[in-house]
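Undergrad: Sequence:
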Amino acid sequence: MTVLGLDGCKGGWVVAVADETGFLDAFVAPTIESAERAGIQKWGATVMVVDIPIGIPDTGKRLADTEARKFIKPRSSSVFSTPVRAALEAADYDVARAASIAATGGTSLSKQAWAIGDKILEVDQFARTAAMTVREGHPEVSFRAMSAAPIEHYKKTLAGAALRASLLEGEGLDLGTGHDVLRTRGVDLDDFLDAGAMAWTARRVEQGLAASMPSTPEVFSDGWQSAIWY
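Under this note's numbering, the first residue of the sequence shown carries the number 2, and numbering increases by one thereafter.
In case anyone wonders, no lab produced these hints; they're calculated from the structure.
Note that this is a predicted model, so its numbers are computed, not measured.
Backbone N, C-alpha and C define an ideal beta-carbon position, used for all residues, glycine too.
Mixed in with the good hints there might be a few duds.
Simulated crosslink set (EDC-like; lysine to aspartate or glutamate; CA at most 16 angstroms straight-line) [claimed, not checked]:
#1 K112 <-> E90
#2 K11 <-> D119
#3 K112 <-> D95
#4 K112 <-> D93
#5 K43 <-> D20
#6 K62 <-> D189
#7 K120 <-> E153
#8 K120 <-> E21
#9 K157 <-> D191
#10 K43 <-> D26
#11 K62 <-> D223
#12 K71 <-> E153
#13 K157 <-> D119
#14 K11 <-> E123
#15 K11 <-> D191
#16 K11 <-> D189
#17 K74 <-> E153
Have a look at the derived ranges for each label pair, beta carbon to beta carbon [as the list claims (entries may be wrong)]:
#18 G61 <-> D26: 38 to 44 angstroms
#19 E170 <-> E90: 40 to 46 angstroms
#20 G173 <-> G106: 32 to 38 angstroms
#21 Q113 <-> T60: 33 to 39 angstroms
#22 D59 <-> A92: 36 to 42 angstroms
#23 G107 <-> Q42: 31 to 37 angstroms
#24 A131 <-> R184: 25 to 31 angstroms
#25 D223 <-> R184: 36 to 42 angstroms
#26 T22 <-> G106: 45 to 51 angstroms
#27 K43 <-> T67: 36 to 42 angstroms
#28 S216 <-> T22: 28 to 34 angstroms
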């Protein structure tokens, strides 16, 4: 049983590889397709969990995002509202913002959400032909599920990074394996930690232990079961 956890970074995707014994490796893949290919060819990976929305709404908000914000308080701001499809497919930010307002009855589009629009669409296309099980995750949801108490510290602080590393190590995921990925330009410590959290979730998916928000996934016009797994 080998799984992949993916988190977006400047160079593409940070990929954490894990099995039932712990971390096996970590690397950077320029595309999600190349991450899958490497995972299958080198490790025989069967499950991937990625920190990106899967299941794009046509109007309004996703239950997954709403429930996740409640679950991870006080870190709620790390979950943004998934853009509607019309906004993601717009030519530029101003057009996208107008499309969002029109489709949602007044909700604008954050620049943070617009900035990862290409990655959302990349995963949207990839999942249609993926050779392994693909699920959506969110690192802060996974870390909160590992923790006995709310996560108080922001992930980019020293205390926040130390806490998240400790949570992973408590789950048998030793960061000493794969840490060389941090030498790659554009990969920060929190990217590595987030990919590790996604690998933890992927392991739970493979073992049949994972839960989702919402418990019954929503389905939009794209046909995907839209939920955040942990």
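Undergrad: Is the Cα-Cα distance between K74 and E153 16 angstroms or less?
TA: Distance of about 9 angstroms is within 16 angstroms: holds.
Undergrad: Would the hint linking K157 and D191 be met if the CA-CA limit is 16 angstroms?
TA: holds, 6 angstroms
Undergrad: For a C-alpha distance cap of 16 angstroms, please report whether K112 and D95 respect it.
TA: Cα-Cα ~10 angstroms, so holds.
Undergrad: Just to be careful, I want the Cα atoms of K11 and D189 compared with a cutoff of 16 angstroms; is the pair within it?
TA: holds, 10 angstroms
Undergrad: For the pair supplied as a hint, K120 and E153, confirm whether the alpha-carbon distance does not exceed 16 angstroms.
TA: violated, 28 angstroms
Undergrad: For the pair supplied as a hint, K43 and D26, is the alpha-carbon distance within the 16 angstroms limit?
TA: holds, 11 angstroms
Undergrad: Do the beta carbons of G61 and D26 sit within 38 to 44 angstroms of each other?
TA: About 40 angstroms separates the Cβ atoms of G61 and D26, which means 38 to 44 angstroms holds.
Undergrad: Does the beta carbon distance between Q113 and T60 stay inside 33 to 39 angstroms, or does it fall outside?
TA: violated, 21 angstroms
Undergrad: Could you grab the alpha-carbon distance between K112 and D93 and see if it respects the 16 angstroms cut-off?
TA: Roughly 11 angstroms between the alpha carbons, so the hint for K112 and D93 holds.
Undergrad: Going straight from one Cα to the other, do K120 and E21 come out at no more than 16 angstroms?
TA: Not satisfied, since the Cα-Cα distance of roughly 29 angstroms exceeds 16 angstroms.
Undergrad: Between K43 and D20, is the straight-line Cα distance small enough, at 16 angstroms or below?
TA: holds, 13 angstroms
Undergrad: State, for the Cβ atoms of D59 and A92, whether the hinted interval 36 to 42 angstroms holds or is violated.
TA: violated, 19 angstroms
Hint compliance for this structure: hints 6, 7, 8, 13, 20, 21, 22, 23 are broken, all remaining hints hold.
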